[in-house]
Amino acid sequence: MSNPALEKIFTKYPCASRENLIPLLQDVQEKDGYLSEESIRDISRYLKLPSSKIYGVATFYNQFRFHPIGKFHLQLCRGTACHVNGSAKLLEAVRKILKIEPGQTTKDKMWSLETVACMGACGLSPVICVNGEFHAKVTPKSLIKILDQYRVQEAGHAGK
Amino acid sequence: MAKITINNKEITVRENETILAAAKKAGISIPTLCHMEGFPPSGACRICVVELEGRGLVPSCSFPAADGMRVQTHSPRALKARKTVVELLLANHPDSCNYCARNQSCRLQTLASELGVRQRVYVGHKEKYKLDASSPAIVRDPAKCILCGRCVRVCEEVQGVAAIDFVRRGSKTVIAAAFEEGLNLSACVNCGQCINVCPTGALTENSHVKRVLDALSDPALYCVVQHAPAVSVSIAEEFGFPAGSDVDGLMVAALRRLGFKKVFDTAFTADLTIMEEGSELVHRIKNRGALPMLTSCSPGWIKFIEQFYPDLLPNVSTCKSPQQMMGAIVKSYFAETGNLNPRDIFSVSVMPCTAKKFEAQRPEMACGGVSDVDAVLTTRELAQVFRMYGFNLKAIAPEAADTPFGTRSTAGKLFGGTGGVMEAAIRSAYFLLTGTELENPVIDKVRGLEGRKEAYVTINGMEVGVAVASGLANARKVLDAVRAGRNDLHFIEIMTCPGGCIAGGGQPLGADLEAVKARLAALYDLDCKEGLRLSHKNEDVVRLYKEYLVAPLGEKSHRLLHTHYHAREIV
Ligand code: SF4
Ligand code: SF4
Ligand code: SF4
Ligand code: FES
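Taken in order, these protein sequences are the chains called A and B. Position 7 of the first sequence, counted from 1, bears residue number 7 in our numbering, the numbering being contiguous throughout. Position 44 of the second sequence, counted from 1, bears residue number 204 in our numbering, the numbering being contiguous throughout.
Bear in mind the hints are in silico, worked out from the structure with no lab data behind them. Fair warning: this is a prediction, and the values are worked out from it, not measured in the lab. Where is the CB? At the ideal position from N, CA and C, for every residue including glycine. There could be a bad hint or two in this list.
[As the list claims (entries may be wrong)] Think about it this way: if two alpha-carbon atoms lie no more than 20 angstroms apart in a straight line, the pair counts; the simulated PhoX-like pairs of lysine-lysine are:
no., chain 1, residue 1, chain 2, residue 2
1, A, LYS48, A, LYS89
2, A, LYS99, B, LYS605
3, B, LYS706, B, LYS716
4, B, LYS605, B, LYS637
5, A, LYS96, A, LYS145
6, A, LYS53, B, LYS332
7, B, LYS163, A, LYS99
8, B, LYS716, A, LYS96
9, A, LYS109, A, LYS96
10, B, LYS332, A, LYS48
11, B, LYS716, A, LYS99
12, B, LYS163, B, LYS185
[Claimed, not checked] Now the stretches of chain A that chain B is said to cover, found in silico as 3 or more residues with beta-carbon under 8 angstroms:
no., stretch
13, 27-41
14, 48-54
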């Protein structure tokens, strides 16, 4: 096996059984931010489970990502309150602008998108959160401004 | 025992037998989609619902019969529910039956017709699906998939491969290989067993019909065809003959009418394989080579061992498969004696198998940049071509295959079923080691559809242990034992498909166990009826050695008839 960091995670699960699959996937995602094909292959070898099965199980759960997160990680709340206040439309707008689906990352690796159940900020709904910064009562229109703000920030960094 | 009433008829069933099985006994047929005979029920499709008094609708494929039950299998409510199931399945289905390979052999289509679906009732959101034509053998069209899961189960449980699985959930679910990569990069061994169980056109073979028809109409090409042992005892089913009819002569005649200049019999090169492989076995035994030797005629199995048991590759016979041997001698010996340029020969094979399409395009299977075999038709595809040309097999006079590769022993013909290679090999190895013939050429212990068989044969005072496995999940069990140190076996035959080529992934669809049994019985029948039962007694094989190859395992054999395999990485 190639990856010593993974090896270290595996030592936590000395019994290489199927029950350990989900916790293992969680640990790997915790470490890398996503599940790479290489790591799934390594897990497949360790647990002696076909990679098709692991990929099948992992895609069943929303919590797993298969692309590295972007420079800006946008979490969009799809909880009840946010939904009532228009998060579906907002998601539509994000998809259109960034041209990615939840779980994906833009080609330039700038943006990644994730939908989450409830961020506990219902009073501010609909809410998005970019790299940990909350934005309240977002509309498709204000969304453009917010995204631009990060782009400008990034351009500024790049210019320096 | 329990007494239950189905459609007002009282029947006695075993406790815990499903309603579906009970109804079948009573001659009542209930439609199924996801159900698989011999597997635990999955309950995925609900097409099999029946009305159970006091309970309502229940899925008959998983619901156990219990004493006193009263069931209506075709009550208005049950029928309506089934119709709704079909209407929902069609909600996001492409309306493309006319362009579909499964037109007229599709379960979904038949059910829609039988249940009287005459209009689109539900309009579902159609996801954009990508057709996967990456594999040389199998084409997957997820748009036509109804997620019954049969392919997933066959691939994992029968074949031990697990190339595909359910991916995501809810309305976003698809069947896909790991990482949603093309099947060509996956562990798929191209066996086609998933096609045979798929109720729709979501899984089909990569068709070579067009290539073959184009070649036949090209005056610059000299078209030659070979047909595998299992084809002549199966293709008849496509034309209304009962299962187990052997239509060898009719098929040969029809192939000639299509325009093939020569019609050869792959069973001839099965005999040739026995000469080479039998000699190789004897050589290994005498020289302490890697044992047990493993057969190499089944290309799905070869990819399987390359992926999953590369440490055992030295045990695999170096013989090419009969298909490739035929390809190789057609473009060498036959071309030379007939003054033909091998590049002008278009070599077609008709196979019960989809993995043969994969095998034919392997880089190992060529000589000097000329591939041994140029196109592979499955039994189904050949039947389609016959229909296209309006051939009625019932109205054709039989003809004999061409020389010099048309004569075969019945041992070569036995290659079509599980245990057949072993039986043929034992007959000839016995002769090679003792100079005398077996008293009784029938080796009963390796016959029949059992997934794993074993026998010990005493040759020259030596106890030779042999094993036979078909279905790659069965192969796993034998190989694991060998890996763990089992050392009483000398020779192991492995066929990819459960039951062997007669149940191959390119065979007529809808065959049940009875049909497969009948195909196998047809092979045994030929073996007991005909006179030439030993590969080494095939005079055309003997002549081929005399005139060209010189001797088994000789220099020419090595160049044309043998090859090597390598460990293979999969995604
Ligand atoms: S899969 Fe069946 S229903 Fe669908 S297009 Fe093909 S024949 Fe028609
Ligand atoms: S062809 Fe065989 S190995 Fe490939 S997906 Fe189908 S069942 Fe699995
Ligand atoms: S591909 Fe065919 S067998 Fe597999 S789930 Fe879809 S419909 Fe069923
Ligand atoms: S056949 Fe019974 S649920 Fe599918």
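Status of each hint after checking the structure:
{"no.": "1", "hint": "LYS48/A with LYS89/A", "verdict": "violated (43 angstroms)"}
{"no.": "2", "hint": "LYS99/A with LYS605/B", "verdict": "violated (63 angstroms)"}
{"no.": "3", "hint": "LYS706/B with LYS716/B", "verdict": "holds (12 angstroms)"}
{"no.": "4", "hint": "LYS605/B with LYS637/B", "verdict": "holds (19 angstroms)"}
{"no.": "5", "hint": "LYS96/A with LYS145/A", "verdict": "holds (15 angstroms)"}
{"no.": "6", "hint": "LYS53/A with LYS332/B", "verdict": "holds (17 angstroms)"}
{"no.": "7", "hint": "LYS163/B with LYS99/A", "verdict": "violated (62 angstroms)"}
{"no.": "8", "hint": "LYS716/B with LYS96/A", "verdict": "violated (64 angstroms)"}
{"no.": "9", "hint": "LYS109/A with LYS96/A", "verdict": "holds (17 angstroms)"}
{"no.": "10", "hint": "LYS332/B with LYS48/A", "verdict": "violated (27 angstroms)"}
{"no.": "11", "hint": "LYS716/B with LYS99/A", "verdict": "violated (60 angstroms)"}
{"no.": "12", "hint": "LYS163/B with LYS185/B", "verdict": "holds (13 angstroms)"}
{"no.": "13", "hint": "27-41", "verdict": "holds (count 3)"}
{"no.": "14", "hint": "48-54", "verdict": "holds (count 5)"}
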